[in-house]
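Participant: Each chain, letter by letter, is given below.
2 protein chains.
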Amino acid sequence: MMSEQRPFGELIPFSEAVNKILTSVDEIKRKETIHLTKAIGRVLSENVESDLYVPPFERGAMDGFAVKAEDTYGAGKFDPVELQSIGIIHAGDEPSIKIEEGECAQIATGAPMPDGADAVVKVEVTEKADDTISIYKPVHPGENVSPKGEDIKEGEIVLKKDQVLSPAQIGALAAMGMEEVKVYEKPKVGIIPTGDEVVPLDEELKPGQIYDVNSYTLTSMVESNGSKAFRGTVVQDSLEGLKEEIKKQSKDMDMVLFSGGSSVCDKDMLIDALSSLGKVVFHGVKLKPGKPTLFGIVDGTMVFGMPGYPTSCLNTAQHLILPALRKMASLPPPCERKTRAHLDKRITSSLGRKQYMTVELEGDKAYPVYKQSGAITSMAQADGYFKIPENVELVEKGEEVEVVLF
Amino acid sequence: MMSEQRPFGELIPFSEAVNKILTSVDEIKRKETIHLTKAIGRVLSENVESDLYVPPFERGAMDGFAVKAEDTYGAGKFDPVELQSIGIIHAGDEPSIKIEEGECAQIATGAPMPDGADAVVKVEVTEKADDTISIYKPVHPGENVSPKGEDIKEGEIVLKKDQVLSPAQIGALAAMGMEEVKVYEKPKVGIIPTGDEVVPLDEELKPGQIYDVNSYTLTSMVESNGSKAFRGTVVQDSLEGLKEEIKKQSKDMDMVLFSGGSSVCDKDMLIDALSSLGKVVFHGVKLKPGKPTLFGIVDGTMVFGMPGYPTSCLNTAQHLILPALRKMASLPPPCERKTRAHLDKRITSSLGRKQYMTVELEGDKAYPVYKQSGAITSMAQADGYFKIPENVELVEKGEEVEVVLF
Numbered sequence: 000m001m002s003e004q005r006p007f008g009e010l011i012p013f014s015e016a017v018n019k020i021l022t023s024v025d026e027i028k029r030k031e032t033i034h035l036t037k038a039i040g041r042v043l044s045e046n047v048e049s050d051l052y053v054p055p056f057e058r059g060a061m062d063g064f065a066v067k068a069e070d071t072y073g074a075g076k077f078d079p080v081e082l083q084s085i086g087i088i089h090a091g092d093e094p095s096i097k098i099e100e101g102e103c104a105q106i107a108t109g110a111p112m113p114d115g116a117d118a119v120v121k122v123e124v125t126e127k128a129d130d131t132i133s134i135y136k137p138v139h140p141g142e143n144v145s146p147k148g149e150d151i152k153e154g155e156i157v158l159k160k161d162q163v164l165s166p167a168q169i170g171a172l173a174a175m176g177m178e179e180v181k182v183y184e185k186p187k188v189g190i191i192p193t194g195d196e197v198v199p200l201d202e203e204l205k206p207g208q209i210y211d212v213n214s215y216t217l218t219s220m221v222e223s224n225g226s227k228a229f230r231g232t233v234v235q236d237s238l239e240g241l242k243e244e245i246k247k248q249s250k251d252m253d254m255v256l257f258s259g260g261s262s263v264c265d266k267d268m269l270i271d272a273l274s275s276l277g278k279v280v281f282h283g284v285k286l287k288p289g290k291p292t293l294f295g296i297v298d299g300t301m302v303f304g305m306p307g308y309p310t311s312c313l314n315t316a317q318h319l320i321l322p323a324l325r326k327m328a329s330l331p332p333p334c335e336r337k338t339r340a341h342l343d344k345r346i347t348s349s350l351g352r353k354q355y356m357t358v359e360l361e362g363d364k365a366y367p368v369y370k371q372s373g374a375i376t377s378m379a380q381a382d383g384y385f386k387i388p389e390n391v392e393l394v395e396k397g398e399e400v401e402v403v404l405f
Numbered sequence: 000m001m002s003e004q005r006p007f008g009e010l011i012p013f014s015e016a017v018n019k020i021l022t023s024v025d026e027i028k029r030k031e032t033i034h035l036t037k038a039i040g041r042v043l044s045e046n047v048e049s050d051l052y053v054p055p056f057e058r059g060a061m062d063g064f065a066v067k068a069e070d071t072y073g074a075g076k077f078d079p080v081e082l083q084s085i086g087i088i089h090a091g092d093e094p095s096i097k098i099e100e101g102e103c104a105q106i107a108t109g110a111p112m113p114d115g116a117d118a119v120v121k122v123e124v125t126e127k128a129d130d131t132i133s134i135y136k137p138v139h140p141g142e143n144v145s146p147k148g149e150d151i152k153e154g155e156i157v158l159k160k161d162q163v164l165s166p167a168q169i170g171a172l173a174a175m176g177m178e179e180v181k182v183y184e185k186p187k188v189g190i191i192p193t194g195d196e197v198v199p200l201d202e203e204l205k206p207g208q209i210y211d212v213n214s215y216t217l218t219s220m221v222e223s224n225g226s227k228a229f230r231g232t233v234v235q236d237s238l239e240g241l242k243e244e245i246k247k248q249s250k251d252m253d254m255v256l257f258s259g260g261s262s263v264c265d266k267d268m269l270i271d272a273l274s275s276l277g278k279v280v281f282h283g284v285k286l287k288p289g290k291p292t293l294f295g296i297v298d299g300t301m302v303f304g305m306p307g308y309p310t311s312c313l314n315t316a317q318h319l320i321l322p323a324l325r326k327m328a329s330l331p332p333p334c335e336r337k338t339r340a341h342l343d344k345r346i347t348s349s350l351g352r353k354q355y356m357t358v359e360l361e362g363d364k365a366y367p368v369y370k371q372s373g374a375i376t377s378m379a380q381a382d383g384y385f386k387i388p389e390n391v392e393l394v395e396k397g398e399e400v401e402v403v404l405f
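Chains as they are written, first to last, in this note's numbering: chain D, 0 to 405; chain E, 0 to 405.
Hints were generated in silico from the structure; no laboratory data involved.
Incorrect hints may have been included.
For chains that are exact copies, the list does not tell them apart, and a pair is met inside one copy or across any two.
Claimed, not checked - Derived DMTMM-like pairs: lysine to aspartate or glutamate, alpha-carbon spacing no greater than 25 Å straight-line:
(1) K227 - D50
(2) K205 - D92
(3) K127 - D267
(4) K326 - E26
(5) K187 - E222
Generate coordinates for the entire structure from the input sequences, incorporating the hints supplied.
Facilitator: Written as structure tokens, this is what we have:
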């Protein structure tokens, strides 16, 4: 039986919806230990203190000759100092040589400094004749030498909690010999397709049926924002079925997205299920596309009823759900590519609703490609979108707009 | 034995190095078929043509009543038209009802239109008394109806070759019922740590040894730019060993990064190995940090000798290697987060070398954190970097710079 058809309640402004969502969500504090090679883009769950020095020993910073600096003080372009080379130190060698007055040793970049030496003369200002090395330029103590711990000291806090790991931080962890690292767990997001007409991709369509689109767009959006998606099987529209699913999901997940039936009647069932298990925070947002969005909380888990139309669903996901996901994951807002273009067509908007208008770009011209909220191609074939604020009803042809690229 | 120490050849300008690399690299054209749930960020290797209509049938676009539009023409606010409801059509139903003159059927958004009906009157402008439905507003033919194929037509090219897949395109593929998609293979990048002093993270450091940093930073950089990293074990410095490794790698990989010993002597060995197997394109770039970068080609595979110092290696990777990787992967340049800040310290640069200066940000102030190219913390503890062009020797305190955030 079709449930009674009810219109939406009062729509809330877009910014209020964002606020209500963000104040309901906390950063995930659960931790896990992962291998360094899997750590890119993850977020440190604790300060990282080094238990070694980097470099772990004093080393040569140039290819050349390790010397006592004072032995070189008289050296000049036409008046070299001559030192006796007593050996060669390669990178990786265990240091065994000791330099006495008048001596030096050939040394490679990265090789440990020999005892007794306090500087390196670079090879370009030397001349070699058997074991006699002519030095044409003096060095001061410490010159061309990297002291032990120059980069990192034992006991130093090298990286701070909540740091997002990019290649440089991965490098710092490797330098400290850390094969594993403690990070926050990714937020767990249940994605539940609903709707009696929706079938999974591996089935043949029967008359009246369509393929499940939203659970795939939502999964890819969730996974590319530092979160883990758990895509469920299609739940058929029934109050009991929905309640069972909400109970199960709210126990296991940090967020649940019901991605199905957009119609008022489906939503009513989800509202009824939510009200009986938890709290409905809002239903209906002044957002286009994306009006019929439902948000509730059950046992501390955020539950969303997403619009059923693919474009509405994805637009809502990007502008309402994504900020919450990234907050949960302790990630900064996503990087946006932007460009400016001139609108090639006059556009009327819905006064009072924040609108995201998709466009195709050609040179510095932007052509609206919005069809209707049912059409996934109005996003899939667009290059980006621009925003039309709530209080704007009309954007004139030729007006310059800021396009956020997909 | 330490090989003879040779200085660099002539350094080439940074932009010339980029050009030489980019003209040597082709987009990978090998294809693979992957599951839709793994397809985010991948690049289509062929046009995608739909073999079905989306939606696959004419459907209601509103909750309401399916009618013959002409039956409603006289309807008005105070003068409703009355129609007999002969049934209910849910989403997912196989259509079986036929609407005759004077009849209508309750219909849900997304449900198939019944035969005989050509419009939907939305529920808000109707009143129901048993099976008698009062219609208070006329509709025109096609109103609130989504025609079959409104979004996608059978035989239509929906997505074009070389399209990067974001959630919207994933959605379009799902709408067409495509569980799998043909994409370009990811570029394969061999990453070979070298250097007698370098040990893997799972070993204890002996005196004179340091941990392998570069293969980890390079792996994470490669993997976060649409490519597949194959991290090898540390190759000890020997000409024969290097030649063997280059031969093996150039057969299997699209690009090889030797990430180890940066010193002139190590590089000479790599140069010798490269010259004997292929062509050396350049050695030494006017880039800071990153001068001692070596580029050659063996059997069509790009082979790089990366600087050994972690910061030099990573800086080179980000500004010389990354553009090549993304070209091979058919990806656009990466998205950069930028901000403007005032330099809090006067900086002298190396005239003639393009310099990337790392900074920490505090409000709108930028503090240089560059230590020396050996220090990975000079990048790991920085918030971003700004560029100093080749022809600039000095940046004054207080000057505004554009900082690219990490």
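Participant: Does each hint hold? Answer for all of them.
Facilitator: Quick rundown of the hints versus the structure:
no.	hint	result
1	K227 - D50	neither (33 Å within a copy, 32 Å between copies)
2	K205 - D92	between (73 Å within a copy, 9 Å between copies)
3	K127 - D267	between (89 Å within a copy, 19 Å between copies)
4	K326 - E26	within (6 Å within a copy, 36 Å between copies)
5	K187 - E222	both (10 Å within a copy, 23 Å between copies)
The structure fails hint 1 only (numbered hints given earlier).
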